[in-house]
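Undergrad: Sequence order for the protein chains is A and B. Every letter in the first sequence is one number past the one before it in my numbering, and letter 7, counting from 1, is 7. Every letter in the second sequence is one number past the one before it in my numbering, and letter 239, counting from 1, is 239.
Bear in mind the hints are in silico, worked out from the structure with no lab data behind them. Being a predicted model, the structure only gives us computed values, none of them experimental. There could be a bad hint or two in this list.
[As the list claims (entries may be wrong)] SDA-like cross-link-like pairs, simulated, lysine to any residue; straight-line CA separation at most 20 angstroms:
no., chain 1, residue 1, chain 2, residue 2
1, B, Lys216, A, Leu23
2, B, Lys296, A, Glu24
3, B, Lys301, A, Glu24
4, B, Lys426, A, Ala95
5, B, Lys216, A, Ala26
6, B, Lys216, A, Ala95
7, B, Lys426, A, His68
8, B, Lys426, A, Ile122
9, B, Lys164, B, Ala28
10, B, Lys442, A, Pro121
11, B, Lys127, B, Cys255
12, B, Lys442, A, Leu136
13, B, Lys301, A, Gly25
14, B, Lys426, B, Pro390
15, B, Lys99, B, Ala354
16, B, Lys426, A, Gly92
17, B, Lys426, A, Arg84
18, B, Lys216, A, Val29
19, B, Lys442, A, Thr65
20, B, Lys442, B, Arg334
21, B, Lys164, B, Leu135
22, B, Lys323, B, Asn459
23, B, Lys442, A, Arg84
24, B, Lys296, A, Ile17
[Claimed, not checked] So the derived list for chain B, only partly shown, Cβ under 7 angstroms to chain A, looks like this:
no., residue
25, Ala15
26, Ile34
27, Ser185
28, Arg191
29, Ala264
30, Phe418
The beta carbon of each residue, even a glycine, is placed where N, CA and C say it ideally should be.
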Amino acid sequence: MMPVYEPWNAARGAEIIAGHSHLEGATLVILHALQEAFGYVPEPAVPMIALALNLSRAEVHGVFTFYHDFRREPAGRHVLKLCRAEACQAAGGDALATRAEARLGITIGNTTADERVTLEPIYCLGLCATAPSAMLDGRVVGRLDEARIDALIAEVLR
Amino acid sequence: MTMRIFVSRDAGAVAVGADEVALVLGLAADKRGIEIEIVRTGSRGLYWLEPLIEVATSQGRIAFGPVTEFEACSVLDATISGGAHPLRLGVADEIPWLKRQTRLTFARCGVIDPRSLDDYRAHDGYKGLERALTLTSDGILADVTTSGLRGRGGAGFPTGIKWKTVAQTSADRKYIVCNADEGDSGTFADRMIMEGDPFVVIEGMTIAGIAVGATKGYIYIRSEYPHAVAAMNAAIAAATRAGYLGARIGGSSHCFDLEVRVGAGAYVCGEETSLLESLEGRRGIVRAKPPLPAHKGLFGKPTVINNVLSFAAIPFILAGGAKAYADFGMGRSRGTMPIQLAGNIRYGGLFETAFGVTLGELIDDIGGGTFTGRPVRAVQVGGPLGAYFPRALFDTPFDYEAFAARDGLIGHGGLVVFDDSVDMAKQARFAMEFCAVESCGKCTPCRIGSTRGVETIDNIQAGERVAENLAVVEDLCNTMKFGSLCALGGFTPYPVMSALKHFREDFGPAPARLQAAE
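So that you can see chain B by itself, here it is in the shape it has in the complex (with noise of 0.2 angstroms):
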């Protein structure tokens, strides 16, 4: 019988080694005379355990990691014979750190082939869509309304309201984007779920377009991530030629047509309305708000854009689970979220959960605090425009709201996490350089405020009149909060103040900073 193995394909498992050991497996069985076949699945997101191997028993798949191509072939011959070896795990399902987790988004990341459309079906995929083909507009948006989800770019807007201002808006066309711009360092839930479970996206967003009365959608994927390009377009290609895209999906009298563009490296593409201005070919320059995207967007029409997460959470709620999402969660923040842990940390990963699991939870308990080993000093949540938080903000719940009463936002759910030997000025730096680097100059508080920002936190550090500078930093972030056209320059502040906020002691001289710290 044809041993089944499983070898993620995931980028962040290729970056470790997994083509290698995929290799390295294939030669090594047949020098045995022994029939694998080798499945390239997405990531299980326990990325210290990558290169993660699985091998299909009777007992379900048992997981070996981290194996390198010189450990391969001793796994094979472990798995072989049924013996022991030190890298086993156990069966994966059972592997604690994936148990403890609510996996609705996720189920299947990880598991299936992501370039198998029979294997999504066989893993309860298009359930949604065909039950969305069973229903109203008003049927769908009402599921989604259900759901509680909101947005998950960051900004938390609700989702079913957004959809249901496109239905009502009419126009002779209408658009779904999805924004895969996914710029925040820290995040890589889109890029692993476009490149593990690509159809979940799909089916996510052609509902969307069933619900709105919208016929072409757009993925726009940043160029740092080709694998989820890749993964994209082999989907797209898969579900056009099952008719689950392109003219009446599945015998339906609905249509939806799908193209992956790729972004060309700026950070503020992100911004939804830079965004649709760079899917129209032009410089990513964010437009002014009103009109809405809802009605006026892409192309000057009704559109829809929603982060990858949002729509991949789609499908699950519409095949009946809508009660069942809103029933996780706390406060205003239904369902889960997939958490994204990295940085200096020892477990990091992927952990979708949901909302109101506790900050000091995420860092100390599920990331098992830092690779380095030394204490935890600051997390930064959010992305680069994500409030640095302390440890005695530790107790703050993983909600939307909580995190915006201490300063701070959830943002796209990326935690990174520093140790002991970071200086918080370099970072406050950091935040305002970024900001002028990505700034796309429509606006002058963001503009002219990041470069001056960065100037002022120079001299800082030069222990140049450290208390007025400190005071023109600290009006310079408001001026940027509360004057800037868009979250760039809008949410710059939340790194610079909180770094201020919570680590004053790190600004200053720097020679008296490191006699504070002797």
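For reference, chain A alone in the conformation it holds in the complex (with noise of 0.2 angstroms):
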């Protein structure tokens, strides 16, 4: 299932923010809310949530560049995320990885400038006794072969 965010709005981002701010640590929790609403974390937002939680925007800031799950601009419509761990690369990772580039037109950590896929490493699902393996808009995919990463993008350019 593609995923559907709301476009940024900071009533909507300050209620967010204050459905969080009573738990003890919540920048993550905050951060995790606000990508999970509107599909990245709106630059607008790191001062609310620095203010709510009494904390310097450098803080802020720090926290949100720290991680590498948080975003800075929304991604593609799609996302889909190949492992590029030891257990996938062992298990010829690699030249899917490759692969999937070439179909894609794009390296990994960029998005198709009609923005309809982006293609990321993800460094381990877990997944490693069924290798390679990869993960479209939250869906999990294992045994990966030629075939499996081809049907795959057939998904996403459709």
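Take the two lone chains, each set in its own frame, and fit them into one complex as the hints suggest.
TA: What follows is the structure, given as structure tokens:
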């Protein structure tokens, strides 16, 4: 299923932040909640979080940029994550990653010009006994081979 | 009579089509006018047989696998008629790969419905907590110490000593933290147990809370594990409703609350102090030790922080099994280890067994060699920070000290098998590159050393002053190993140095390597 996100709205952002700011160590929880709602963490949310948690903007910015998960801008409509870690390497994952890059015309870490697909690396989905593996819009796929990777790409380009 | 059919909901099974199989079975049963109940279990851990279907019969649960969505109907028909089927594996518990194991921690995984507290209780669940509630703090600690349990995250620190330290430290608040940031490639035991038997983790953490006097626990799960997050949240809600979490646990005077927190893609947060920083809402920057988390941990309070598998081992131990647990194993490695066979392997999955089994038995005998059928060339043991072992070291027994004696580590128990097409210089470079990307940046050996390591291996691969550059890599590894604050920088030398030591022929200009291989 393709995720559906709301457009950024400061009032809605403030509501999400207020809903979690009572938690111990709430910063990551709030960043996750914002990204789940909007598909990324919009820049104006950073000072809002800082204010709500009595932190400096620099501290919140530091947290936001430290973690690989948080996005500064929306991803493509589909996000295809390919596992690049050792177990998937051992099972032929590198060649499949190269194939996906060629099919989509982008390198890993980028989004197609039509904003249809974002191709990302992921370091281990814990599906190491059914490697190589991938995650498409939150759906896990194992035992990838050329046919399966082609089918995933056909699905996102449809 | 309603036919009960078990299909795994484990992410590893779902990734190869278990959801589709369950759907087809339901539709096919409707069409045939028979009543079936599909129970979504965890995985038995025999991943080459997933999707695995089990059908309850008077002889036991009969297994079929691997079943695709196209074969599900014929399996159902064979079950109804009692006829033969090419995918029929017989009674699940009698499958040799499963029968050879000693399943203490994973006894219920793949058997019960992980969403059902009743099912958990019907399979000896909460026996450990019941007994713990009759003991004093010292009594619980004595059992944990007797069991010989050592931290299953990788460091192997005695769990009893860790808990005792927290119990003896006085504070107004204490915490129990479960490290479920299982980032090592080749490991999936934490994921499996959280998805397949989440209550055992809750029970283990609750016992820890009672033992040390903590009333709040956190489970920090990596974001790459959405299925585990959902399973743990559902189990926490069920346990809370039933009075196993919250105020007055099981009618006692003890209180314990649990909350799941989700990581955000930083590998270093698997390091315990970095994880605590992350839980506090900060960047996952490693803390210098001392102070130990047992003295000053989460929010500066005394904290028990253990791996998922450590907590999951506790209910068996507290249910009167401390001595029995300690009777398994070898040397100072007591009990069982859930070993994970992964990568290019024929029979990949989870194999829980007593310490002492050799690497060769695990790879050749139990794992069946490579999936590609080519010879095994290297096995990385213990994740991205573990050493690459060649066939010459296959006699190494699975034991903390035996691996350490051969410049390796067992880590979290993951084995990643590579066939003879692997380029070990490339793997060494990857280890350095991964460290550079994931370094928290606090200490120089890790932050700078890894980047210089990548550059130097690039130069070696380009054939530039190979001998001098190899000396530089060794020197860098030495500095990282002894100068880094935590295991990320400190252990990255293991894969690099083992690749250099055992597979030196791979390090040099690429054309020479290719000629040598021909």
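Undergrad: Taking each numbered hint in turn, which are not upheld by the structure, reported in ascending numerical order?
TA: Per hint list: 6, 7, 9, 10, 12, 20, 22, 23, 24 and 26 violated.
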